[in-house]
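**Q** Chain residues, written in single-letter form:
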Amino acid sequence: MKAAPFEYLRASTVDEAVGALGPGAVVLAGGQSLVPLLNLRSRRPELVVDVSRLPLTDIGTTGTGSLALGALTRLRAAETSPVVARTLPLLAEALTCVGHVSVRNRGTVGGSVAHADPAAELPAVFLASDAVFTARSADGVRTIAAGDFFRGPHRTALGPGELLTAIHVPLPPPGTRHGVAELSRRPNDLAVTAVFTSVTLARGVVADARIAVAGAAPTPIRARAAEDLLRGEAPSPDLLAAAADAAAAATDPADDLHAPAAYRRDMTAVLTRRALRQAVAE
Amino acid sequence: MKVSLTVNGRTCSADCEPRRTLADFLRHDLGFTGVRVGCEHGACGSCTVLVDGATARACCVLAVQADGSDVTTAEGLATTSLNPLQESFRRHHALQCGFCTPGMLAVATELLRENPSPTEAEIRTAIAGNLCRCTGYHNIVAAIAAMREPNRDDEPSAGDAGASVAGNPGRTDP
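First to last, the protein sequences are chains A and B.
According to the working numbering, the first sequence holds residues 1 to 282 in order.
According to the working numbering, the second sequence holds residues 1001 to 1174 in order.
Just so you know, these hints were derived from the structure itself, not from any lab.
Warning: the hint list may mix true and false statements.
[To be verified] Chain A stretches covered by chain B per the calculated footprint, using a threshold of three residues with CB under 8 Å from any CB of chain B: (1) 21-34; (2) 42-56; (3) 103-109; (4) 180-193; (5) 250-256.
[Claimed, not checked] Have a look at the derived ranges for each label pair, beta carbon to beta carbon: (6) A:ASP130 with B:PRO1084: 35 to 41 Å; (7) A:ARG186 with B:THR1079: 31 to 37 Å; (8) A:ASP130 with B:GLU1122: 20 to 26 Å; (9) A:GLY159 with B:GLU1087: 53 to 59 Å; (10) A:PRO89 with B:ASN1115: 16 to 22 Å; (11) A:ARG203 with B:ARG1113: 43 to 49 Å; (12) B:SER1117 with A:THR80: 16 to 22 Å; (13) B:HIS1028 with A:GLY152: 35 to 41 Å; (14) A:ASP139 with B:THR1119: 49 to 55 Å; (15) B:PRO1150 with A:GLY159: 36 to 42 Å.
In this text the structure is predicted, and so the values were computed from the model without any measurement.
We put the beta carbon where it would ideally sit given N, CA and C, even for glycine.
Could you build all of it, start to finish, from the sequences and the hints given here?
**A** Written out as structure tokens, the structure reads:
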């Protein structure tokens, strides 16, 4: 199909973009989610505000120990960034599961977050990493914790006049390992279900564990009961199995044409065990 | 809106509506019919072209977004004769109906530039986003595998890892 007509503005500054946003307007970043929706006419905006040429593409670390990503960082640029590989390998590995290279060449980190697909990888990774999102509006700048950001399928805490500009991820402490386990219908499709873990080991004991699940609830979720089971314990097959069951119990999956709810819940347990095993492996 | 592109080294411009995709702009407004429009929502990969050297699904890019970009379509890969990758597709019977071929050539071009000796698994991953309706993947993989360094342009030999994906390693055109 072809998109319905809309007005188009190519913003040359953040202020210009923010000034144009409001009800009836949508933000176009890489377009890898939005343009298909326009073509299918499931979105019919009055105005498309193209922010893709704004200079929000820096990748770096901050003095406060965070990885900072401009919202318009291309997925492929983040995936191949030595800074991301060194500081947040969970993100680097998760990015290899996001779409195909031709999609990652154009899609942006902030676009994936703002699109808030419950089955998408990056929202879950940022949820597992306690990331903080920065948004600009005509009223100024505010920050939103990832835990408060995702409100429902494709629904976020961003208001109609707000533009996501940056993502800050606290760097994990030394001894942190990650795990990624995803089930999809073909490689690089959206997840049927996916699990992202980050485990900090100290003297053979789990000092901290984070587990986020995509595709098994209306938003990405943290499996906090499973994390609590792991903290303070030495990893063992029984412990990982118990955490996997706790993660599955935290899901609220839906039936759809890709998978029944019960299958998604069962797979959450399987994938959690795999992701944890990867994280605690020697 | 007026949109200007460099396509296959030539400057082209035309008026188009903001809702026009790059795929339609290239194919219908500029006449580059090597751009194949399939699903129009990013699922099939047929419309894949190189934009500023990197693959993009032309149906998932608005023409206005690409204004000022340097685009290479299938027409731009060959000059007076087929380029070595295209010749490998021909030699390995990788074309079948030909509809997916321009997109396959685009992703293979990018793959071989970034990874001159991809494994069979890497080749299959690279083309996984491009649907071949003839299900002719085997010969496409063989055609790309034949381009690997250091065996580029060589038929896969019996001892070559490529033989496992080449189907009929000894086969040549009649």
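**Q** So, for every hint listed, does it hold in this structure?
**A** Each hint tested on the structure:
1. By the rule of at least three residues with a Cβ nearer than 8 Å to a Cβ of chain B, the coverage given for the stretch 21-34 of chain A holds, with 3 such residues.
2. Counting residues of the stretch 42-56 of chain A whose CB falls under 8 Å from any CB of chain B gives 3; the rule of at least 3 is met.
3. Residues of the stretch 103-109 of chain A lying with their CB closer than 8 Å to a CB of chain B number 3, which satisfies the three-residue condition for coverage.
4. Using a Cβ-Cβ cut-off of 8 Å, 3 residues of the stretch 180-193 of chain A lie near chain B, which meets the minimum of three, so the contact claim holds.
5. Counting residues of the stretch 250-256 of chain A whose C-beta sits closer than 8 Å to any C-beta of chain B gives 0, which falls short of three, so the coverage hint is violated.
6. Our hint of 35 to 41 Å for ASP130 of chain A and PRO1084 of chain B is violated, since their Cβ atoms are close to 49 Å apart.
7. About 35 Å separates the C-beta atoms of ARG186 of chain A and THR1079 of chain B, a value consistent with the hinted range of 31 to 37 Å.
8. Distance hint for ASP130 of chain A and GLU1122 of chain B: a CB-CB separation of about 34 Å, inconsistent with the stated range 20 to 26 Å.
9. In this structure the hint that GLY159 of chain A and GLU1087 of chain B lie 53 to 59 Å apart at CB holds, the actual value being about 55 Å.
10. For the pair PRO89 of chain A and ASN1115 of chain B, the supplied restraint of 16 to 22 Å holds, since their beta-carbon distance comes to about 20 Å.
11. Checked against the hint of 43 to 49 Å, the C-beta distance between ARG203 of chain A and ARG1113 of chain B comes to roughly 46 Å, which is consistent with it.
12. The hint said 16 to 22 Å for the Cβ distance between SER1117 of chain B and THR80 of chain A, and at roughly 18 Å that hint holds.
13. Between HIS1028 of chain B and GLY152 of chain A, the C-beta spacing of about 38 Å keeps the proposed range 35 to 41 Å intact.
14. The given range of 49 to 55 Å is respected by ASP139 of chain A and THR1119 of chain B, whose C-beta atoms sit roughly 52 Å from each other.
15. With their beta carbons about 57 Å apart, PRO1150 of chain B and GLY159 of chain A fall outside the hinted range of 36 to 42 Å.
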